[in-house]
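A.B. asks: If you want the building blocks of each chain, they are given just below.
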Amino acid sequence: MKLLVKLSHKSRPIIAEVVKDTGILINVDRARSDAHEGEEALVDVPDEFCRLISERMRSLGAHVSILDEGVRHDRDECVDCGSCISVCPKEVFSFNSEWELQVETKRCILCGRCVIACPHQALSLNDV
Amino acid sequence: MDKTIDEINRRIRDGSARVVTADEMPSIVSELGEEGALKEVDVVTTGTFGAMCSSGAFLNFGHAEPPIKMERIWLNDVDAYGGIAAVDTYIGATNKSVTRAESYGGAHVIEDFIAGKAIELRAQSSGSDCYPRRNITTEIRLEDLNQAIMVNPRNAYQRYDGATNTSDDTLYTYMGTLLPHSGNVTYSGAGTLNPLCNDPGYRLIGSGVPIFLGGAPGMVVGEGTQHSSAGNFGTLMTTADMNEMSTDFLRAAYMYGYGPTLYMGVGIPIPVLDIEVVRRTAIRDEDIPVSIKDYGVPSRSRPVITQVNYAELKTGKIELNGEEVRTSSLSSYRNALKVARTLKQWIEDGQMILNLPTRRLDPSKQVKSMRETRKVALVQEIMQRKVVTVKEDEEIPEAARKLLKGETNHLPVLNEQGRLVGVVTTFDVAKAVAHPERRVRVKDVMTRNVITTRSDEPVDIAAQKLDHHRISALPVVDAQNQCIAILHASDLGKLFKPGGQGL
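One line per chain: the protein sequences are A and B, in this order. With the first letter of the first sequence counted as 1, position 50 gets the number 50 in this note's numbering; the numbers rise by one all the way through. Counting the second sequence from 1 gives a position; this note's numbering is that position plus 1000.
Treat the hints as calculated values from the structure; they're not laboratory data. We put the beta carbon where it would ideally sit given N, CA and C, even for glycine. Warning: the hint list may mix true and false statements.
[Stated by the list, open to error] Selected chain A positions facing chain B (in silico; Cβ < 10 Å):
#, residue
1, Val-79
2, Glu-100
3, Ala-117
[Claimed, not checked] 25 Å max Cα-Cα, derived BS3-like pairs, lysine-lysine:
#, chain 1, residue 1, chain 2, residue 2
4, B, Lys-1391, B, Lys-1375
5, B, Lys-1117, B, Lys-1096
6, A, Lys-20, A, Lys-6
7, B, Lys-1494, B, Lys-1375
8, B, Lys-1317, A, Lys-90
9, B, Lys-1096, B, Lys-1069
10, B, Lys-1431, B, Lys-1443
11, A, Lys-106, B, Lys-1317
12, B, Lys-1465, A, Lys-90
Starting from the given sequences, assemble the full structure and let the hints guide the process.
C.D. replies: See the structure below:
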């Protein structure tokens, strides 16, 4: 499960602390530091520990939200070209045997590369 | 046991013609043999669905009251051609809207017309005794037009090169997003289903031949622009009535960083007259080579990185310099199949009768490059030869003095051997001054990944580098990476001075 963790600039190394505390390994899919909005990390955690980890992080001062939706795929705009397939770092996109585009949004880390690569504007990101 | 076109048409009319799609042909031939396939199959349908930038339509609006001879025309603020008198125009797919986001263009106007949407027509005229009206603004739909005839100057390329990018930056091209360091490969085309690949000798595809175009019955006008059949890069000029088209087979698109384009579905039926046709239509993905070219080189002659075929590309990855690289198709194979299958249905239902070309296309034509009579402006004509540099081990105050003395914002940084190793800007120096405890020498604050140009590089390429990297100067280096000059963004203005040659 993906969690979006927002940290303030001066916060402690929260992710490291939670890993050390719980012994649960966390995968950081994407991280961003912005002068105005602070720091933000998209982390992947095992489903069964999602709640525990969110609570720990919150108690350490982070703002945590569960990300249950990846990139949005508009079936009507999509022409099944596959431009998105090779630019995705997480292999979210593939063809089935009928050359129809399959989208595994669970793997998506919302990097946005495919949104730009899609010639038909069939892919979009939710504001998170 | 050859067949005639009349025999095949008789079977189409009485519903007994055996029609197959081009992807089925290889296995039919290997199963029945060439003679058997000739006997069995009457028509092979082909199909392709991809970006066909050179597309557009002639529109006739009917006369207004009082009448106007439209000289400047916009459809949803996309410029249309105003040189064909009174109330006719040609709307091209790649023209961008002058007011909307650049992701809306002529292709979108065409798609919106076909989708039944209202389009705003604006036009201006200088007025005349016979056409007194000077301007008009109105909303129109496809059904309001007298004619909406799609005529696409260049469709259905016989072959198309694939693309990769060895440079350090992501490129946004008509071949889609190309990741740096050959991070991906993009290609276009339907392989075994491609119309011209199934008739490379242009025996059966030529002027007057009926086709499927955007969901409508249409025909081949003749050779397309840039037709280069000698090198297997033939093209077709096609036409059909927009009123009969469907957005299932025609879609506007926007290639980021390039602009609008139109995805067209094109299919051509091929009558199986003799063994030669059987052999040609048995072509497989494996038989069609694709050169992968390096778009990191901004020149007409881009180097070929490797040669693959459609079967390899369609697996989703190919090997490039020992590494596995993922591939993306820009055209849609699923829709290409849909085109070929729909066309097959039309012929099985007796809706389309075939004919041979009324005029054949030249199978040995070679495309020419543009004749250029003025030489291209080179960096050496506008670069600053007097360039102030700094050594990497010098201290910040020295860099600041040089910036002031040189009246510049950029100092190329040299190492002991005089080679270019970085650039410092006034911003870098200011930052270093603000934090004196952290940074002491030029090499601690300089940018190491320097974007450079060469004295013999065309100015347009250098300008694109400035634009792409959002920087305002490029050190000019020689083959030994010695900094010989500097090109500032402001130097580009020299080209517009009286006596300059202009861009």
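A.B. asks: Sort out whether B/Lys-1069 lies within 25 Å of B/Lys-1096, counting only the CA atoms.
C.D. replies: 24 Å, holds
A.B. asks: Holds or violated: A/Lys-106 and B/Lys-1317, Cα atoms, limit 25 Å.
C.D. replies: 23 Å, holds
A.B. asks: What's the verdict on B/Lys-1431 and B/Lys-1443, does the C-alpha distance respect the 25 Å limit or exceed it?
C.D. replies: 14 Å, holds
A.B. asks: Return the status of the interface hint for A/Val-79: holds when the least beta-carbon distance to chain B is below 10 Å, violated otherwise.
C.D. replies: 5 Å, holds
A.B. asks: Need the status of pair B/Lys-1391, B/Lys-1375: alpha-carbon distance at most 25 Å?
C.D. replies: Judged against 25 Å, a Cα distance of about 37 Å means the pair is violated.
A.B. asks: What's the verdict on B/Lys-1117 and B/Lys-1096, does the C-alpha distance respect the 25 Å limit or exceed it?
C.D. replies: 19 Å, holds
A.B. asks: Does the structure keep B/Lys-1494 and B/Lys-1375 at a Cα separation of 25 Å or less?
C.D. replies: At roughly 16 Å apart (the allowed maximum being 25 Å), B/Lys-1375 and B/Lys-1494 satisfy the hint.
A.B. asks: So, as I understand it, the hint says A/Glu-100 touches chain B; can you test that by seeing if any CB pair is closer than 10 Å?
C.D. replies: At about 6 Å, which falls below the 10 Å cut-off, the nearest Cβ of chain B leaves the hint on A/Glu-100 intact, so it holds.
A.B. asks: Does the nearest C-beta of chain B fall within a distance shorter than 10 Å of the C-beta of A/Ala-117?
C.D. replies: 4 Å, holds
A.B. asks: Given the hinted pair B/Lys-1317 and A/Lys-90, is their alpha-carbon gap at most 25 Å?
C.D. replies: 15 Å, holds
A.B. asks: Would you check the hint for B/Lys-1465 and A/Lys-90, treating anything up to 25 Å between C-alpha atoms as holding?
C.D. replies: 30 Å, violated
A.B. asks: Is the Cα-Cα distance between A/Lys-20 and A/Lys-6 25 Å or less?
C.D. replies: The given pair, whose Cα atoms are some 19 Å apart, holds under the 25 Å limit.
Of the hints listed earlier, those the structure fails to meet are numbers 4 and 12, in rising order.
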